[in-house]
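Asks: Residues per chain, in single letters:
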Amino acid sequence: MMDLLEACRMVAQVDVVVAILASAIYGLVVGSLPGLSATMATALLVPVTFWLSPIAAIATIITASAMAIFSGDIPGCLLRIPGTPASAAYTDEAYAMTRKGQAEMALGAGLWFSAIGGVVGTLSLVLMAPLLAEMALSFSTYEYFWLAFLGLMCATLVARSSPIKAIASMLLGLLVSCIGMENPAGTPRFTFGLTDLLGGIEPIPALVGVFAVSEVMRAMVTAEPPPLPRRKFGSILANQWMLTKKYQWPMWRGNIIGIIIGVLPGAGADMAAWVSYAMSKKFSKEPELFGTGHPEGLVEAGASNNASLASGWVPSLLFGIPGDTITAIAIGVLYMKGLNPGPTLFTERASSMYALYLIFIIANIIMIPLGIIMIRIASTVLRAPRAAVMPVILLLCAVGAFATGSNLFSVLLVGVFGILGFVMERNGYPVAALVLGIVMGTMVEQNFVTSLIKSDGDILPFFERPVSGVLAALTFGALLWPLGVWIWNRTRGRRLAAG
Amino acid sequence: MIELSRRTLLGSGAALLAAPALAQPKWPARPVQLLCPWAAGGGTDAVVRIAATLLERDLGQPFNVVNRTGGSGVVGHAAIAQSNPDGYTLGIITSEICMLHWQGLTEVTYKNFTPLGQLNNDPPGIQVNASSPYKTAKDLAEAIKASPPGKFKASGTGQGGIWHLALAGWLIAMGLKADHVRWVPSNGAAPAMQDLAAGGLDFTTCSVPEARAMLDAGRARSLAVMAPARLSAFPNIPTLQEAMGIGFTTGAMRIIAGPAGLPAEVVAAVGPALKKVYDSKEYQDFMNARGFGLVYADAAGAGKALAEADAALGNAMKEAGLAKA
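Chains as they are written, first to last, in this note's numbering: chain A, 1379 to 1877; chain B, 719 to 1043.
It is worth saying that the hints were derived from the structure and are not from the lab. Here the structure is a predicted model, which means the values were calculated and not measured. Cβ coordinates follow ideal geometry from the N, Cα and C atoms, glycine included. Among these hints, one or two may not hold up.
To be verified - Here are the simulated distance ranges between beta carbons:
#	chain 1	residue 1	chain 2	residue 2	range
1	B	Pro956	A	Val1392	43 to 49 Å
2	B	Asn1006	A	Val1392	24 to 30 Å
3	A	Gly1855	B	Gly822	55 to 61 Å
Produce the complete structure using the sequences and hints provided.
Replies: Next up, the structure:
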């Protein structure tokens, strides 16, 4: 109790409050610029934290990353430019809602369920950190292989087109992920002697290209749609309570999946969003509405990716193992400020830990008012004429791609993926599945090959370890289920015909 | 703090625009660009950013860090080597520059740089799971020697990475073949440490600071460090020499450098400034807090360290079959 009071006092310091507010605004602005990711926002804050007190330093990182992840949904929803691979799972859905004139509902859902996911994820961190950490430590490469494989299978679920085309797109994504020398053998593949290809294709330029640039290209070849009726931008939060009640079960499922996936280092928010969106569609009563601007998937995936962000701190705080790129940066800051990760952080520095929890909760709560202001400002984009918006999007894509590595090659990549995305969509191949292949490909390969190296080429450990056995059963279940249904229907049909 | 971050952002933009050189009387007469071949947020990035802040305070001109990533470090290193040698584009180079060219991935070697000063060196350690039967490096070495090739599995970074070469160098020093212990490539030290804790590996050869949280959590033990002396942050870990009488040492270096042919005036100005950075309380506190190894060498010393590392790493890579003929 004393620790909790002490924690409240630490958070109420003037410098901490100022740090939280300033980094919240900073995170919202940087996150909403297409191509500038939440990781980038966090990395740029590190030099600033040199001069801050420990709690204020951690507060800036936590607040800015939470805000940037949420505001990454704004360009995704309004302009179809996903800010992060995590929001790529539901970008098409949110954009479809915008085109139906429900931008406020889509953005509101992003905001409201992000905040709920963040708070629930934080509670899991407070209540179950040691338990979750044990779970994370029992995952070896065998388990990660099955997990990544399951993630890949979401491709057919999230796409609205035929499963064959979805799988083809995903395989193309896997091929793209083969490029470079960041593979288990450390050998350059498909680089054609180009130095720029040695590091492989980063997901961000690919993402920006296939979604945003292809959208600009499509706008150029289609006639200007009738302008949206001029109306007041409706209330942002009004519908959210209704959505919360209506989709309560998917929301909780999203939270729980997010927490579990977030805790596993190397899985993180990207996979959480994809898996949750796919599950939402699979278990929905109205799966045919998915992809047409239906909020259900947004609710579940939005809650899931923010829950995973908070629970991703569990392995970071207990073992110094980053759950994603953001916590990797945060660990550096923790060390620099003498808050060394480890179990002793929870016992000897309990008041600092409570302060950290409080900051998580505060960040997720002030996200709502600040987010509403941000959405209001951003939504003016919808009223601008298309001829003015499209060139700006193209410019932002180029600047964003350049910013990640100060490398002109990424700008070129954005263009190439733009053309690829345009051609694919014209022919009914879902680009989201391509992105999924790029994001998951490395993980599948890395874990498969290293597992085989460890077992001297034996595939038995993929099945005999308890957790990997369960995951393998799940994977094969999901793979064979449609086949089983098909055989069942056929034999029954034959019996009916015979009878 | 908003101001600071905005300044950094604007500054890096300005530095990009100001790339073409103008003859100036006294260096530095305008902002200096510091290239970092690795991504923002990593260890090298953190070191170069604090050095930039301190250089800026000392020399009175902004030092803007620009992350030029891609190609596993090739792109950024090449960008430093190929920049105009006017002193307004410098950068941080890492041990990889002594490895990439052996793999045939770039033409650029350490000879294409003017080293200005070494700021850090992190030696690898030998870490085992807390429940491992091996209590000392000697125990582990005996067991490795007695085992058939490929039985022991170790990790710490990707195939052909610096910690892989540390393992190869250690095995060669013991009189074994470089691939007697099978290397399990991983995406960096953190996943390797996690797999070690999950029971998937026999040991890791990443640096001790990278293993620190697991050591603190009682999940892993460090048996030895491949350095000439014990680390000040980890005084209980013996050196390889103390643990088993093998004097093999290596490490990951971070060196501030410019392109070959920097004007003598620039070298003369940066050298003492870097020494001042290294001696500053801020830098010492920062490095100690992160657990990074504090090693300083002046321009000549850094050049010598690069030449030695280049020969040693090249040898280890040839032995391990990682070098391209």
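Asks: The structure should be examined with respect to each hint, and the outcome stated for every one.
Replies: Hint by hint, here is what the structure shows:
1. The hinted range of 43 to 49 Å is satisfied by Pro956/B and Val1392/A, whose Cβ atoms lie roughly 47 Å apart.
2. For Asn1006/B and Val1392/A, the Cβ-Cβ distance of about 29 Å falls inside the hinted range of 24 to 30 Å, so the restraint holds.
3. Distance hint for Gly1855/A and Gly822/B: a CB-CB separation of about 46 Å, inconsistent with the stated range 55 to 61 Å.
Violation of the numbered hints given earlier is confined to hint 3; every other hint is satisfied by the structure.
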